[in-house]
Amino acid sequence: MVTESVFANSRQMVLQALRDDGRASFAQIAKKIGLARHQVAAIVQAAVAEDVLRLTVSISPDLLGLERFAYLQIAVSGPVQPVRDALVSMTESTIVADIAGHYSIDAEVRVGPDPHLRRTLDAILQLPGVSDIRTTLYESIEINRFSPFHTAKAPLTLDEADRSLIMHLQRDARSSYRELGEASGLSPSGARLRFERLVRSGAIKVVGIPVRIGQPDTPTLGLGIRAGVPVNELLPRIKALDPEFLAVAIGAYDFIATISADSASELVEVMERLRGTEGLAEVDCWANLKIAKEQYGQSDSLSAASE
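Residues 1 to 307 in full-length UniProt numbering are what the sequence shown spells out, letter by letter.
Source of the hints: derived by calculation from the structure; they are not laboratory data. As the structure is a computational prediction, the values presented were derived from the model and not from experiment. Fair warning: there could be bad hints in the mix.
As the list claims (entries may be wrong) - Think about it this way: if two alpha-carbon atoms lie no more than 25 Å apart in a straight line, the pair counts; the simulated DMTMM-like pairs of lysine to aspartate or glutamate are:
no. : residue 1 : residue 2
1   : K239      : E278
2   : K239      : D284
3   : K293      : E67
4   : K32       : D242
5   : K290      : D114
6   : K290      : E92
7   : K293      : D242
8   : K293      : D20
9   : K293      : E50
10  : K239      : E67
11  : K239      : E282
12  : K290      : D85
13  : K239      : D122
14  : K293      : D98
15  : K32       : D284
16  : K32       : E272
17  : K290      : D98
18  : K293      : E244
19  : K239      : E294
20  : K293      : E139
21  : K239      : E269
22  : K239      : D85
23  : K293      : D122
24  : K31       : E67
The task is simple: from the sequences and hints, build the whole structure.
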């Protein structure tokens, strides 16, 4: 008989396997963790139906014409909801969350060439109740489980078939190649070749994103880290902690990171390891109380640069 704790552990391993590859074979996952294929399929179907897991594709910032990335901590005087709603509706925002501490809410923004960032910050500052924004620029994104990296290289040239395929994948990341072919006007083998080309080039990433919007029981912590040694010396030590997100930053912090876990006790363990890391000067952390937006590019926003 499968106990509740064994099932919970198996469920966690299945969802983790899909985190990095949303199209991973159920049979391969089952073999790896010692389950039957139908058990893996049932776990995934239940997670999607219960809105715990979102299987989708994230789109490369290069294809969307995005060049600069910043982390914002926003102080709000008065109710946060109007500011939160405004941030969620902005096309520039990728993540929006209520946080604990001096700042009421944080956001990641991805923008095009200057002065796009300045205009975005000005628009946020003009929102009723916003009293201050602490801005930290990303120099480089080192880890992002749920999005392709910005490369600053010429983006892959897309045609209408590519766009249709990406749009269909955003609705159903596990569509068969026959379904992808029908959606994009290609044969199943042609759809497979297009898909593999898009993944290989870094244009898209198929992921299983935990649905954390409005779910405070999924713990995540934001981290602002200051280095006491050269950044390149500390970087591999922080990477070894397996953060969900890690960026080398310019501004208030040398690194911005996000760590996640399945329980508060696991987060405490990670924080203990982080605080004991050689070369770390100081770390600020804040709880993400409520994630209102987590979105990594929409297919209808593919820029003219990809044409």
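Each hint, compared with the structure:
1. K239 - E278: Holds, because 13 Å separates the two Cα atoms, which is no more than 25 Å.
2. K239 - D284: 17 Å, holds
3. K293 - E67: Holds - the C-alpha atoms of E67 and K293 are around 21 Å apart, at most 25 Å.
4. K32 - D242: Holds. K32 to D242 sits at ~21 Å (cutoff 25 Å).
5. K290 - D114: Answer violated: K290 to D114 is near 31 Å, above 25 Å.
6. K290 - E92: 19 Å, holds
7. K293 - D242: OK: K293 and D242 at ~23 Å, within 25 Å.
8. K293 - D20: Roughly 20 Å separates the two Cα atoms, so the pair holds.
9. K293 - E50: 18 Å, holds
10. K239 - E67: This hinted pair holds, its Cα atoms lying about 24 Å apart.
11. K239 - E282: 17 Å, holds
12. K290 - D85: Given pair K290, D85 holds - Cα atoms ~13 Å apart, limit 25 Å.
13. K239 - D122: 34 Å, violated
14. K293 - D98: 10 Å, holds
15. K32 - D284: Not satisfied, since the Cα-Cα distance of roughly 37 Å exceeds 25 Å.
16. K32 - E272: 30 Å, violated
17. K290 - D98: Given pair K290, D98 holds - Cα atoms ~5 Å apart, limit 25 Å.
18. K293 - E244: Cα-Cα ~16 Å, so holds.
19. K239 - E294: 22 Å, holds
20. K293 - E139: 23 Å, holds
21. K239 - E269: Roughly 16 Å between the alpha carbons, so the hint for K239 and E269 holds.
22. K239 - D85: 33 Å, violated
23. K293 - D122: 21 Å, holds
24. K31 - E67: Outside the cut-off at roughly 41 Å; violated.
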